[in-house]
Amino acid sequence: MSTATIALLGQPNSGKSTLFNALTGLRQHVGNWPGKTVEKKEGTFTYGGTTYSVADLPGSYSMSANSDEEVITRDFIASGKADVVCILADSSQLERSLFMLADYAGLNAPCFLVLNMEDVAKEQGKKIDAKAIEKKLGIPVMMFSATDTKAYDKFYSTLERAIKEKPQINTSSLEKGYEKLNGYCEIKSQLDSNTPSGYTPMWLTAKVLENDKVVSAKLKNTLPDNKVKLIENLSNGNDGAIALGECKFAWIDEILNGAVSKTKTKAKLGKLDRIYTHRIWGKPSVVLTVVLGLLASFIPALPIMGIGMGINALNAPIREAMTSAGSPAFLTGIVCDVVIASLYFIINMLGFVFGVTLVFGLLEEVGVMARISYVFDNTMGKLGLQGKSVMPFLVSFGCTMGGAAGARVIDNWGQKVLTIALAWAVPCGAAWSIVPMLSTVFFGAGAPLIITAILIVMILHMWITAKIFSRGLVKEEDRYGMIMELPPYHKPKWGALFRYVLGRTKDTFFRVTKVVLIVCGIFWLLSFSSGSIEDSALYKFGVAIEPVTKIFGLTWPLFLAFIASSIGKEGAIGVISALFTGGSIFAATTGAAEKAANINEILLANVTRPEALAFIFAITFNMPCLVALAATYQEIHSVKWTAKIAAYYTLTALVLAFAAYRIGLVIF
Amino acid sequence: MNELLGLLNDGNSRTIEQLAAELHTSPEDISRQLEYLENIGMIRKVSTTEKKSCGGKCGGCSGAECRGCMPKNASANMGKVWEVVR
Ligand SMILES: Nc1nc2c(ncn2[C@@H]2O[C@H](COP(=O)(O)OP(=O)(O)OP(=O)(O)O)[C@@H](O)[C@H]2O)c(=O)[nH]1
Ligand SMILES: [Mg+2]
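Taken in order, these protein sequences are the chains called A and B.
Numbering-wise, the working numbering puts 318 at position 318 of the first sequence, and it's gapless, one number per residue.
Here the working numbering = 1-based position in the second sequence + 1000.
Same shape as in the complex, but just chain B (with noise of 0.2 Å):
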């Protein structure tokens, strides 16, 4: 898991197969690391756009309700994001 969080120092951003192919293992085994990791806190997700990033107060520049920004459960689509705890 040290390797994981090491290639993730070049500032870039990787897909888990990308992380699987770089590391030569399974998207799997990628997967259950990065769990691990959210566990003992030293990745967290990030929050796409699921907790209504406006706030809701979009109202001023698109309809009622946050809905403008962008469609229902939209963040649902949006896959998920981790980013290391510093």
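Chain A on its own, in the form it takes in the complex (with noise of 0.2 Å):
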């Protein structure tokens, strides 16, 4: 009985094992290949009165030294140990798929190929033609279906034939293209005698000419000084390793050309990536989407609205339930003024996280996040930024703290600080709860409006802040494009997309009750006084900065609510909701909070709307949150400049305050 190795070769995920295991069964032996951690599979299996062993190689992209598992893989090769050498190639992707073919070319072993995922390319609606692509290679050919069981007959005869024929890849035109390459003729022409067993000396060339630093060496064992020198000079580094690739791409096009015929058209979609990625209409189209993608999280918040307004109908009941039982004043005000009050704006606020979190999430599943990154990257580069501060940017929508730590990625010290400078400027998700919210109470069907000024705003603020900090941090250096692939658009998995919606609201609900609780508590506290309110030392304090904070349309509670903002934005309803709707101030101030248990008319009668639009946008673009703070701090290892960045946006804050208050009192 005869015996011969075969070995399998191919990219990652080409089909090898899949064949391995349906040739061998389960007469396999797995290890590892000597001093490396990749594993070694080998198999045997009997046909036709021959026992084959089979070798699995491990995936690699082609016969280059850039990993360990292409070292090996071409080891095993030009070891000779295989009689034949099986290339696997996708056949659904074949121009990119066939560049371990063209790579293997020059090699010494007998070989032949196996177009493989038959049945995808079909699907595709590729037809390829095996026999013509057979003539220009000079070895076999065959289309198959690794996974179908039933086209193993056709791989056996061709396996036979081929350990017959011994066939060899013909590499003339190939090797014509890289005859035009500087270099190429002087360096073969060196190699010519005494080569290493198992390479040719055009495959040596070419991977001399490729900078591969292992065949280099390899050389410089057997060939006499002198001709290493003039080697060395003649290979060029990058430049040789591109020039190769074309050669290879080209000979690949070769080949291919008149063997493959596409039948099927593209997905349709595409117009829709022609306006996103269109140079004048791309942006509006994504600014339009973010605007209506959170107009659209009002939809799903407004019902939840609804059950806070039902929370705040249990105010009186239970106020008057309880004062007719007896309970203190102090008792009953920690019920019905600090929690039912804070329920019901905890309440309102989560049904904007769960709108919005639910709006964006679905944009990001389909796909649109992507598109909407793209069309923000090419806006970096006017703003003195790489590419890549794009998704920090994104990821601050959600979190300004995840903002700042997704800058870790961008290795320029000052274009990282100047990412999270910006970055701070994004509304983050709890202020794209808060905002809602409070332009809802005050402003009603006036609210997209609010959220649109913001946006724009937004806009505005990052480009500005980027012309004031660039001058320090960032230098007018080169910039590289970056390349993007846009993922193709999916259906949105709804299942897991509501777990992550709802999994994020419950989060945030037992975050922001914790904080609006112990901020409202300690105002409550704070403004809590049996006697006359003017006798608190809050009130007085409040009086004293008053005129101060007016300027910028801020009353004192509104002011001191902008400061607890800076903690974190939920503490800004904590402030609000004790200091108004506590009632201890303004049951002494206005005599309303006795009769009017609904929270909205207590704001409404105690805001005016200028000075909520002051608020709204003071908040808004105020410092995100302590742990941003801290996160900034952590990234950019500079107190310096997270000082900076925290006071400069204090300050902008205060100052779109004062605007927002100006502009308010001519509209309203």
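Hints in this document: simulated from the structure, not taken from any laboratory.
None of the values given here were measured: they were computed from a predicted structure.
Keep in mind that a hint or two might mislead.
With a straight-line cut-off of 30 Å between C-alpha atoms, the simulated DSBU-like cross-links for lysine-lysine are [stated by the list, open to error]:
| no. | chain 1 | residue 1 | chain 2 | residue 2 |
| --- | --- | --- | --- | --- |
| 1 | A | K188 | A | K213 |
| 2 | A | K283 | A | K491 |
| 3 | A | K136 | A | K122 |
| 4 | A | K382 | B | K1080 |
| 5 | A | K36 | B | K1045 |
| 6 | B | K1045 | A | K382 |
To be clear about the criterion: a stretch of chain A counts as covered by chain B if any three or more of its residues have a C-beta under 8 Å from a C-beta of chain B, and this derived list gives those stretches [as the list claims (entries may be wrong)]:
| no. | region |
| --- | --- |
| 7 | 57-66 |
| 8 | 92-100 |
| 9 | 245-257 |
| 10 | 368-379 |
| 11 | 481-487 |
A virtual CB, placed ideally from N, CA and C, is assigned to each residue, including glycine.
Using the hints, put the two standalone chains together into the complex.
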């Protein structure tokens, strides 16, 4: 009985292991390649009286020495252990997967080509003429589906033919391309005699030009010094690798020319991408998408706000019941003014947490986010940033801390600082829940306009901030554009999406409740007094600072809420909840709280619309939160710049409040 | 491939389709060139949010895990991005 050895060679996922398993079944041995952690799989099978041993080589991109897998693969092949090498390529993408074959061309071991995944190619409407390819290559070529058990007869007969004929790839037209390259002929003439076995001078020369360190080292050992010097002078780094790569691709195209035809046409969603990637319409369409997305988030949010209203309606009956049951004013206050009032705000906010998360999660799922990041990417350069900064910005829509940490991928320190500084201007998830909620309370149906205005201000803010900060941080250095592969549009996975959205809403609920209750409780305590409210220290302090805060359109309670929002946006809600609806202050001053159990009415009675507008802008563009501040310091390691950014944002928030207030005075 | 890298010199990012249009070739051709350039180390993939860019320490801002930053597996839908290695 005769024996033969086959090696399975191919890029990752070309189907080597599938073929290997089908051929050998249980007759396998799995180990490691000597000295490497790469898995070594060998097996045997018998067919037509011959026992074959098969080696499932590790998947590698090419025959270069860029990875352990590649070195193992080519050493094995050059060693001559295999009688025949079975090269697998993916027929659904031949122009790239034949690269392995092109890189193999010039090695001595006999081989044949298996165009695997025939079924996938068929599905794509591709017709491949294996015979035509075979003629050009001079080795057996077959269409194949490793997953189709009925296809193996063809494989066995091709294998037997290859064992018998010992075919080698016809490299003449490939080498014609090589010969045009600088230094190819000179180097090859040095190698023509006494080359290491298993390799041809053509293959070695190509690798030398590609700057293949392993081949160069090997040659150094076998060639005389003067030849080594000559070769070193002629090989030229990356340019060589690029030129060689182009030769191989051109050769592949030549092989495929006339052998592959495609009937089906492309997907139709390309039109949408043409708009998003349009030089003029790209930006407006992305901004419009984000605006529409934010507006759409009102739809799921409003019913949840209804629940908030329901809780609010409980306030009066509970207060009454507690009072008539003889509960002390302090306890009634805590239950009604702190807990119920806080819950009202929290539930309303959660409506938007749910809505915004759902809408943006959906945009992400279907693949629109990738388009958004593409469009913003091209703006980055104009801000003096790398395209990579776009990811931190997008993450900042959810959480500024995530954005700051995400800036880690930016290696240039100045650009990193600038990226984080700008990421602060992106309103975070908490802002996107508090702001729509407050807007709805104060402006009703006008809320969408406020949201749009905030987005526009955000863009201007980032632009101006970039101009201000970039001076000391980024130099006019050359920026390379990036290459993006936009993902195909997907159908959303609703189950997973809702699980994510509900999970996030739940998490937010617990975190926000904690903060709001604590802040609200503290401020309520500070303002609680059994006697006249004017005696409380907080009131005295507030009235004292009010002349200054009024400049920015903020009454003292709103100003305190603004300060609290630097700790965390929800802190502002705690303060508002305590100072306005707690009733103690404004019951004293306006007498309204007594009658109006409706929190909305109390707010509207105590805060004018220009003041509300000023407040909304102040907290949106204020420092995001303490944690973001810490994260910023952690990433940029500079107290000076962290402080600069924090001070800048506190100041600009007040300036924006000032502007919003004046504009509000004109409008309302 | 030098033309491809040359185009990126102007600082603008491009999609594979745009590169194909500008270089008068097919997106498949661009993809294989990118794969090659990546293998010889002239370009590299930029990690998007894949490796939990907030390092899982997002707890302070948005829930116990990084979940808050982006939906799970979100980066799967963000496409691929390459930058030129300098
Ligand atoms: N549709 C189809 N799928 C196939 C075919 N051949 C293999 N596959 C699938 O392609 C995937 C990759 O196949 P593998 O056999 O693991 O590929 P490999 O070459 O061993 O990959 P590495 O070990 O990573 O180098 C598996 O999911 C296979 O089921 C085929 O002819 N048609
Ligand atoms: Mg495998």
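Which numbered hints are broken by the structure, listed smallest first? Result: no hint breaks.
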